[in-house]
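Student: So the chains spell out like this:
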Amino acid sequence: MNKGKYYPLFVAIGIFLVLFIFGKFAQGMWEPVALIMFYVAVGEAFNVFLGFTGYVNFGYVVFMGLGSYGMALVVSSSSMAGLGPWILIPGFLFAAIMAGILAAGVGAIALRLRGAYFAIATIGVNQGVKFFIEGAKIWGGSEGIIISKPLKVALGPHLANAVTTFWADFLVFMIAILAAVITIVFLHTRLGYGLIALREDEDAARVMGVNTTKYKNIAFLVSSILAALVGATAWCLKTTYVFPDDVFALSYTVDAIVIVMMGGTGTLLGPVVGGLIYGILKYWLGILLPGFQLLILAPFIIIIIILFPEGIVGVLKKRVRGKKLEKFIA
Amino acid sequence: MEFLRMFSGDLINGIILGAVYGLMTMGLSLIFGVLKVVNVGHGAFIMVGAFIAYWMFTLFGLPPLLSAILALIVGIALGFFFYYVVMKWLLEAPELSTLLATFAIGIFLAEVAKAVWGPDYRGYSWNVGSLNLGVTTIPMAKVYALLSSIVIAVALYLWFKKTRAGNALRGVVEDKEGARVCGINVEGYYALSFAIGIGLTVMSGVFITLFVPVGINPYMGEVYTIKAFVIAVLGGLASPWGAFFGGFIFGLVENGSYAILGLIPGVEPFSLTQCLAFAILLVLLLLKPEGLLGKK
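Sequence order for the protein chains is X and A.
Throughout the first sequence, residue numbering follows the working numbering, covering 1 to 330 in sequence.
Throughout the second sequence, residue numbering follows the working numbering, covering 1 to 296 in sequence.
Please note that the accuracy of each hint is not assured.
Between beta-carbon pairs, the in silico distance windows are [said to hold, decoys possible]:
(1) A:F270 - X:F25: 46 to 56 Å
(2) A:T58 - X:A104: 44 to 54 Å
(3) X:S142 - A:T58: 28 to 38 Å
Restricting the straight-line Cα-Cα distance to at most 30 Å, the calculated cross-link-like pairs of lysine-lysine (DSBU-like) are [claimed, not checked]:
(4) A:K88 - X:K318
(5) A:K114 - X:K282
(6) A:K88 - X:K317
(7) X:K214 - A:K36
(8) A:K288 - X:K214
Keep in mind the hints are simulated off the structure, nothing from the lab.
If you're wondering where the values come from, they're calculated on a predicted model, not measured in any experiment.
We put the beta carbon where it would ideally sit given N, CA and C, even for glycine.
Using the sequences and the hints, build the whole thing.
Tutor: This is the structure in structure tokens:
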């Protein structure tokens, strides 16, 4: 244990700070910066589970979607309660609880089993929840929930406007920092060591006394709740509506996979670097070749998996081993 | 009485659809059984088959029974292509890699289909008369789908059990190293099973088109991926024959529940039956992850 173990966290926060200042003061750059930070946060949350356990959660987007619904339900049901901006706290709390309950349920069943079975279970969870909302016609069914009016009632028109244009994105920055802190804590505690051990060899980890099922469940829960917080702010608060077709779109799971694989799984800076590059790439691709992003990204995933499974930060970490820079990269 | 008549009609349809579901899942189970790879992009190959049927029918008027043969050939070619370009490099990699790679293949196929055919739903109808069973009438097209599925499953079974290649393949499944020592080209059989698995899947997509009332589109595969997973787990995941019988069970449950869920007022039974697949999957994984027919 050395004091330098938190240095990579400062690197990450430094990158966020530079982005924030650039977005705030460069003309017209706030939206692209907000998009980049959204991808960084999405990647970090996904990495907490995939990076530390080696299990893929193909239903990742469902937790972002549920978080979005959680916020929308709180804002639309208690806009008259006179809470003012404090309404966001029960909103985030409810978002986290909804995602937490689903994650605990799915995890309790599927995480007792090995990777393949877990992947099979998660590939259905997104469709399952979406079809349930549409089929049982709860929470507005396929029409979704629009919160622009209740948000104005709760916060006043001026503040509501500020939330959608600035504070929603600002909160994404905060969640990204929270996710980075959690990642570094994972990297340097018993829990993280146990998870990395089970990622490398689950049987061996179990023999060594690691409670693999419990550890996997904790990582899954944390990752899902972080995803819900991102969904609650970046979707619900920013756009002021929640449509099932938008918030359960498979493409966000693809985004998360590309970001984490490209940046480097199980590293702190991986999702930050991955999200940064991916955000810029996607912004450009969206302008140059609208509608073809996924067509290009899919082969890209395969190339990364076959040729650079360690990702950018993984390769970088090897390069700086034994040099001065080593303690800044993790 | 009216309900009972409808319900039994749904069950008969369930059995017929179940045979196609079984065929649809055999490829998934074969690939998992031999390569220990879960093909997360499974549904996309079904979509490819569906578009082959649609295209052949609308362009050349080729009936689905004939385009099924074409689909099998295209599927086998696709299988060899993706095996040598992607899967071959990942056999020794962690499970994560193959899961992500097959996922990416699925997305890629769906996006190619979108670029070629556009995102809208399309459909065709192959009208060859119908069979009156009293409680319900069944289009002959579906009867042909049922018969073809059974014939294909039996043919695969015979190939697996009676031929030299089938025996060798069983050897590979049983003990990879042992098979290698006996002079069996293990990598060759990996490629062959992947190709046959994909071929069967693409072919099943042709028959699926006879059962979809809303038509087909590039993203239709996702739903079938989930259904195939449920069926594969029902049948024990690694057994193509288990999968075939799992298909019947799932077809019955799905169509039966459609009639029952329709009795609840204020819900949309179609969406809820889609959600049911996932619910069944969770219950199965909780109670009997080795499959209904599987051994502990």
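Student: It remains to establish, for every hint, whether it holds in the given structure.
Tutor: The hints, checked one at a time:
1. The beta-carbon spacing between A:F270 and X:F25, approximately 52 Å, falls within the hinted interval of 46 to 56 Å.
2. Roughly 49 Å separates the CB atoms of A:T58 and X:A104, a value that falls within the hinted 44 to 54 Å.
3. Checking the proposed 28 to 38 Å range against X:S142 and A:T58 shows it holds: the Cβ atoms sit about 30 Å from each other.
4. Distance check on the hinted pair: A:K88 and X:K318 sit about 26 Å apart at the alpha-carbon level, within 30 Å; holds.
5. At roughly 19 Å between alpha-carbon atoms, A:K114 and X:K282 fall within 30 Å of each other, so this suggested pair holds.
6. Distance check on the hinted pair: A:K88 and X:K317 sit about 28 Å apart at the alpha-carbon level, within 30 Å; holds.
7. Distance hint between X:K214 and A:K36 is fulfilled; the C-alpha atoms sit about 26 Å from each other, no more than 30 Å.
8. Of the pairs offered as hints, the one joining A:K288 and X:K214 holds, with about 21 Å between alpha carbons and a cut-off of 30 Å not exceeded.
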